[in-house]
Amino acid sequence: MHKTRIQDLVIGILVMALGIFMWTYTMGPRVSDANKSFSRFVLALFIGLGLILTVISIVNGKKPRGKEVSIKEFRNPMIMYLLIIVYVLLMTKLGFFSASILFMPAVMLYMGYRKPIPLVCVTAGMLAFIYVLFVVQLKVKLPDGILF
Amino acid sequence: MLANMSGALSELLTIDAAIGLLIGVVGGMVIGALPGLSATMGIALLIPITYGMRPSAAILMLAAIYTSAVYGGSISAILIHTPGTPSSAATCLDGYPMTQKGEAIHAIGISTVSSVIGGVISSFALLLIAPPLARLSLKFGASEYFLISIFGLTLIASLAGDNMVKGLIAGAFGLVVGLVGLAADGQFRYTFGITGLMGGISLIPAMIGLFSVSQVMIQSDERGKKKEKAEVAEFKGRFIPPAKEFLGLLPIILECSIVGVFIGILPGAGGDIASWVGLNIAKNQSKHPEKFGTGIPEGISAPEAANNAVTGGALIPLLTLGIPGSSTAAVLMGGLTIHGLAPGFELFDKYADITYCVILGFLMANILMGLVGWAAGRYLTKVSQVPIPLLLPCIAVLSLLGSYAASRNITDVYVAVVFGLIGYLFRKYGIPTAPVVLALILGPMADKYMYQGSIIASKSDLSFFQYMFTRPLSIFFMILIIAALFAPLLSKAISSAYQKKNGTIEAAEDD
Chain A
-15 MHKTRIQDLV IGILVMALGI FMWTYTMGPR VSDANKSFSR FVLALFIGLG LILTVISIVN
45 GKKPRGKEVS IKEFRNPMIM YLLIIVYVLL MTKLGFFSAS ILFMPAVMLY MGYRKPIPLV
105 CVTAGMLAFI YVLFVVQLKV KLPDGILF
Chain B
1434 MLANMSGALS ELLTIDAAIG LLIGVVGGMV IGALPGLSAT MGIALLIPIT YGMRPSAAIL
1494 MLAAIYTSAV YGGSISAILI HTPGTPSSAA TCLDGYPMTQ KGEAIHAIGI STVSSVIGGV
1554 ISSFALLLIA PPLARLSLKF GASEYFLISI FGLTLIASLA GDNMVKGLIA GAFGLVVGLV
1614 GLAADGQFRY TFGITGLMGG ISLIPAMIGL FSVSQVMIQS DERGKKKEKA EVAEFKGRFI
1674 PPAKEFLGLL PIILECSIVG VFIGILPGAG GDIASWVGLN IAKNQSKHPE KFGTGIPEGI
1734 SAPEAANNAV TGGALIPLLT LGIPGSSTAA VLMGGLTIHG LAPGFELFDK YADITYCVIL
1794 GFLMANILMG LVGWAAGRYL TKVSQVPIPL LLPCIAVLSL LGSYAASRNI TDVYVAVVFG
1854 LIGYLFRKYG IPTAPVVLAL ILGPMADKYM YQGSIIASKS DLSFFQYMFT RPLSIFFMIL
1914 IIAALFAPLL SKAISSAYQK KNGTIEAAED D
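Taken in sequence, the protein lines are chains A and B.
With the working numbering as the guide, the letters of the first sequence map in order to residues -15 to 132.
With the working numbering as the guide, the letters of the second sequence map in order to residues 1434 to 1944.
Bound conformation, chain B alone:
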C-alpha cells in the first residue's frame, strides 16, 4: 500500500485534482444546503463536468460532493429548520433551537467540527479496510460476480421506501430497460431498428432524467406560490467550540463516527439511519436526556459525526465489490463506469494510483470541507434562499447539456427527456426512482456473468445453477443474499423506532 502512495500523491498534486477537490467541496455544500436538491441529484448533474478531467480528479470531485452535501444539509437544518438532505433531519431537533437562542454560529461550528471528525475517521476506515477486502475479490469467478450483482439487486428492497411492491416494480423496470441493446451473446434486443438504441440506454442520461429533469418538473409546481421567507438568525458568537466543550463532546463524536462507518458499510442503510442512531446513542449516554430537543450541542454533534462517517463507509463495498448501497453510491458507480474504472481488485492494483489518490483526496476533502464551512458556512443560508424560478432553468439547461456531453449524441438528450417524464410520474405515484438506476447498472452485469458462467458450467456438463453449488464462495454469497432480503425489515424497524422516540422532521427526497 505504501508503495502506491507516492504515485497517488503525485496524482493528488495535479491542478486537475485540486480543482476537482475545490469544486466538489464547495459545490457539494451548496447542493446540500439547497432544500430539494440532494447529493444524488448533484452528482448526476455534475458528472458531465468530469468528462475532460483525469479519472482521479473526476472521482475525487464526485466523492467530495457526496461528503460535502451531507454536511451542507446540516446548515439549512440549523439555520432555517429545513434539512437539505434526509441525513440532516435529526440535526434540526437541536440545531434550530440553538439558532432561536441566538447561537447559530456556535451550532454550525459544532456541526462542522463533528462532520469533519466523522468524515476523517471514515476516510481512514476506507484506507485500511478497502484494500484487503478488494484482495478477496481476486478469488471471484463468473458465478460469484453473478451472485454479487444479484446481491446488489436485493438492495432494491431497502431502497423501496414505503411501498415494497412499487419499489420492486421500479427495480424490475430498470432490469427491463437494461435489456435494450446488445445482449451478452452479441445479439441485439429491443432496439426496434433504431440505431441509437443499439448501444443500449445510456446510464448517465437516464440518471439525469430520473433525478434532475423530474426534479425540475416537480419544482415547477411552486409556480405562483408565495414562498415565506425563512427567518435567519443574526450571526454572532464563536465558530470553533471552546476546548472544554470540545473535549466533552469528543467521546460521543468518536463513538458515533465509528458506528456511522459500520452503518455505511451495511448495504441499504445510509446517512439518515446513522444520524438517528447517533442521536439515540448520545441521548442514552447523556446525564440529561430530557434536554435533547431544547438546543444542546450533543444533539448536533452525534448525528453530524454519524452521517458524515457513513460516506467513507459506503465507499468501501462500492470500490471493492461494486455494490452500491444507496442511490448516491449507485450514481457514483455510474461515474466510475464512464471513466473506465471497474470496482474490484484492479482498482487497488492496476489503477492503485487513481484509487489511493481518491482515498487520500477524500480525506483532504473532509478537512477542506471544515475550512470552507468555517469561512463561508454563514453565507450558505443565502444560497438556500435563491428563488426557484432562477434555479429551475439553470438545472434544466445543465441536465440536458450533461446528457449531450456524455457521448455528444442528441439521442442521449431525448433519453434524458423521456426518463424525466418517467421519473416524474414514478415520483408522483409513489414509485421510487433509485432502484431503477441500481437495476440499470446491475442488470447487464448479471446478464453478462450468467452467460459466462453458463459456458464454463457446460464444459463440466453442469447447469449454471448446479455449478454455483460446487463453489464455496458462491454458497457464501447465496447465504448473504438470503440475509439481505431480511435486512430491510430490520433496518425499517430500527429507523422507525428511533424516529418515534426522537420525533420526526420532513426532509428532501433521496440521500
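Isolated chain A (complex conformation):
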C-alpha cells in the first residue's frame, strides 16, 4: 500500500473511532429525543465519511494520492507548538507581559534570527502596541501572575 494511502487509512479509522466514541454518549437514558436525533444524524455522517475514506484507501491502495508526509517535517512545527504551550502556561503563572517578553525573543532566536536591535525593538514595539490598544483603549484585563 502506498504511504499516502496509509495516511488516509489512519485518518479514516481515527474519524470512525471518534464518531463511535461520541455515539456511545447518545445512548444514555437522560438524553432527550430531539438531542439524540440531531447528534446521531451528525455522527452517522461523520462515521460514514470515515468509512468511505477507509474503503477508498484500501481499494486504491497502490495509487498515490496527495502529498507524502514524513515524520521529519514535524520537528520544527512541534517545537514551535511546544514553545506556544510553555508560553500559555507562563502566561497564567507570570502574567501576559512577562511571558511575552520571554516568548517573543525565544521564538526569534529559535528561528535563527540573531540581530539584537530588531529583536528588542520588535518585542518592545509589539508589547507597547498591545498595552496601548488592549489595556488603555479597550480596557481588557490581561492575565496577570506574580509579575505583570
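Think of the hints as simulated: they come from the structure by calculation, not from any bench.
Keep in mind that this is a model prediction, so the values were computed, not measured.
Possibly wrong hints are sitting among the right ones.
Unchecked claim - Lysine-lysine pairs mimicking DSS-like chemistry, simulated, CA-CA at most 30 Å apart: (1) B:1716 - B:1677; (2) B:1534 - B:1724; (3) B:1783 - B:1658; (4) A:123 - A:56; (5) A:20 - B:1881; (6) A:-13 - B:1861; (7) A:20 - B:1534; (8) B:1572 - B:1881; (9) A:123 - B:1572; (10) B:1815 - A:99; (11) B:1861 - A:56; (12) A:51 - B:1720; (13) A:-13 - A:46; (14) A:46 - A:56; (15) A:46 - B:1861; (16) A:-13 - B:1658; (17) B:1716 - A:47; (18) A:56 - B:1658; (19) A:77 - A:125; (20) B:1724 - A:99; (21) B:1861 - A:51; (22) B:1534 - B:1720.
What the hints assert, rightly or not - Under 8 Å between C-beta atoms, here's a sample of chain A residues computed to sit facing chain B: (23) 19; (24) 50; (25) 69; (26) 106.
Glycine is no exception: its CB is placed at the ideal position from the N, C-alpha and C atoms.
Chain A is already provided as a structure; the job is to place chain B on it using the hints.
Relative to chain A, chain B alone:
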C-alpha cells in the same frame, strides 16, 4: 432606504468608523501583500481589536480588510511574482513581465485603478441588491432557515479543495465540534463535566487556532532556510494611467467588474475563479490575444477588476441570508455574530443604521484603498520582505491575545491552542480547514431550527420532513440545495479549464 441614509451617515462620521476604515484599508493591504497571510487569517486575527468598537465601525473594518487584502495581493504579484492571495495569481502573468520591463509603477497604477472600479461597482451592487433580497427573508420560517443552513453546509463541497471526501470530513468534524455545549432543547451534551465547555466551543478562538496558530506552525518550517531576496524593480514612471490608455481599458474593466459581482454572489465561487474568468474575457475580446503573458495592461486590469468586484458580491448573500460563500465570508459572519448582529431582514430594518453605514463605508474603503495604494503601494513591497522570524512571534502573541480578549477567559486560549494543532495536522494531511468554520457556524443553527420546526410541525400532527413539503419556499430551497450539490463540479471544471488555457501560478492558501 433613503430614510436610513442619514442615520448611516452619522454612524459613518464617527471617529470610531474613521479609525476602523483606515486600519481596515491599511491593515488589509499589508496582510494581502504578505505572501502566506490571507484575508481569512487577517480578519480572524483582527476581530479581537473590534471588541471595544461600535458594531458599525467593527464590521466596516473587517469588510475593508477583505477588499484591501485582495488588492494588496496584486502588489506582491506584480513586484515579486508571488501572489499574496489566490485571487492575484492571474495578475502575475502580465504584472511581473511589466515589472521586468521597468514598468512596475505603471502596472501597480493599472491594478489600483481597476481594483477601485471593481470594488466601487460591487459596493453599488451591494447597496441596490441586498435590501430587496433581505425583505424576502421576512417570509422565512423555521423550516426555511433550517434549509438555508443546510444549503450553506452544501457549500462545504465547494470549499473542499482537491479531495472531496476529506473536505466533507472537515465539515462533519465542524458539525461534531458544534454539538459540544448547550443543545437546542436546553440539555448539555459532550461537556464531560468541564464548566468551560458548557457554553460550547467558542467560534473566534477556534477560528484563530485553525487559521493563525496553525500558520505559525507551518511557517516555523522555514527555520534555517535561507530566503532568496526577491529582486525588486526600480520605481520609475507614472502611477495613474494616461487618459487614452484608461479609456481603452475602461470597457473591459466594467465588464469584468459586473461578471465579478455575479461570481461573488454565487456561493462557493470566489476571487480566484473571478480573476481567471476576467483574464479569459479580456483575452477573448482582445485584438492581440497572443500578447497576453508578455506584460500588457489588459492582463492586469481584467483580473484585478473582477477579483475586487467579488468582495461586494460575496457580502450580498452573507448579509441577507446568512450564507457565507467562502472561508473569508464565514469568518466575517463570525465577526457579525460576536457583535450581536444576525443576517437577514433585521439588518436592513432594526439595524439599518449599522448596515447602511457598513455598505457606504465599504464604498469609501474601496476609494481610500486606491488613495493609499497611490501613496504607499510602492513601499508595500518592503512589507512582503519582513523576515519570518520577526513576524511569527507577533502573529502568535496576537492570536492568543485575541482568543483571550473575546471573553476574557483563559479556556478560550486553550481552545485556540488545541485548534491550532488540529488545523496544522489538517493542513499537513490535505484536509481543508475552511469547512470546519462553516460547519461550526451553521451546525448549531440547523440544530436550533430543526428543533423549532419539529415543535411547529407536531402541532399539525406532521413530522418535520412532511411539514417542509407543505411550504412552497421550503421546496424552493430544497431544489436550490440539490443544484448547489452539483455546482462545485461545474465551478471546478470552469476554473481548471481557464487555468489550463492561461497557465498556472502557485499562490498562498485560502482566500
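Tested hints:
Only pairs whose Cα atoms come within 30 Å are accepted, and residue 1716 of chain B paired with residue 1677 of chain B is accepted, the gap being roughly 20 Å. Our distance criterion of 30 Å between C-alpha atoms is met by residue 1534 of chain B and residue 1724 of chain B, whose separation comes to about 14 Å. Between the alpha carbons of residue 1783 of chain B and residue 1658 of chain B the distance comes to roughly 54 Å, so the proposed pair goes past 30 Å and is violated. Restraint check: the Cα-Cα separation between residue 123 of chain A and residue 56 of chain A comes to about 44 Å, which exceeds 30 Å; the hinted pair is violated.
A distance of roughly 13 Å separates the Cα atoms of residue 20 of chain A and residue 1881 of chain B; the hinted pair therefore holds under the 30 Å criterion. For the suggested pair residue -13 of chain A and residue 1861 of chain B, the alpha carbons sit about 14 Å apart, so the restraint of at most 30 Å is met. Of the pairs offered as hints, the one joining residue 20 of chain A and residue 1534 of chain B is violated, with about 65 Å between alpha carbons and a cut-off of 30 Å exceeded. The straight-line distance between the Cα atoms of residue 1572 of chain B and residue 1881 of chain B is roughly 18 Å, inside the 30 Å bound, and the hint therefore holds.
Distance hint between residue 123 of chain A and residue 1572 of chain B is unfulfilled; the C-alpha atoms sit about 42 Å from each other, more than 30 Å. Under the criterion of a C-alpha separation no larger than 30 Å, the hint pairing residue 1815 of chain B with residue 99 of chain A is consistent with the structure, at around 18 Å. Note on residue 1861 of chain B and residue 56 of chain A: the hinted pairing holds, with a Cα-Cα distance of about 13 Å set against a maximum of 30 Å. A C-alpha spacing of about 42 Å is found between residue 51 of chain A and residue 1720 of chain B, which places the hinted pair above 30 Å, so the restraint is violated.
A C-alpha spacing of about 9 Å is found between residue -13 of chain A and residue 46 of chain A, which places the hinted pair at or below 30 Å, so the restraint holds. Taking the CA atoms of residue 46 of chain A and residue 56 of chain A, the gap is near 23 Å; set against the 30 Å cutoff, the hint holds. About 21 Å separates the Cα atoms of residue 46 of chain A and residue 1861 of chain B, which keeps this hinted pair within 30 Å; it holds. As the CA atoms of residue -13 of chain A and residue 1658 of chain B are separated by approximately 27 Å, the hinted pair is consistent with the 30 Å bound.
The suggested pairing of residue 1716 of chain B with residue 47 of chain A is violated, with an alpha-carbon distance near 38 Å, which exceeds 30 Å. For the hint linking residue 56 of chain A to residue 1658 of chain B, the alpha-carbon distance of about 15 Å falls within 30 Å, and the restraint holds. A C-alpha spacing of about 15 Å is found between residue 77 of chain A and residue 125 of chain A, which places the hinted pair at or below 30 Å, so the restraint holds. A C-alpha spacing of about 46 Å is found between residue 1724 of chain B and residue 99 of chain A, which places the hinted pair above 30 Å, so the restraint is violated.
Restraint check for residue 1861 of chain B and residue 51 of chain A: the C-alpha separation of about 9 Å stays at or below 30 Å, so the hint holds. The straight-line distance between the Cα atoms of residue 1534 of chain B and residue 1720 of chain B is roughly 22 Å, inside the 30 Å bound, and the hint therefore holds. Proximity of residue 19 of chain A to chain B holds as hinted, the smallest CB-CB distance being about 5 Å (cut-off 8 Å). Interface restraint check for residue 50 of chain A: the shortest CB-CB distance to chain B comes to about 4 Å, inside 8 Å, so the restraint holds.
The closest approach between the C-beta of residue 69 of chain A and any C-beta of chain B is roughly 7 Å, which is under the 8 Å cut-off, so the hint is satisfied. Annotation: residue 106 of chain A was flagged as interfacial toward chain B, and the flag holds, the nearest CB pair being 5 Å apart, inside 8 Å.
The structure fails hints 3, 4, 7, 9, 12, 17 and 20 (numbered hints given earlier, in ascending order).
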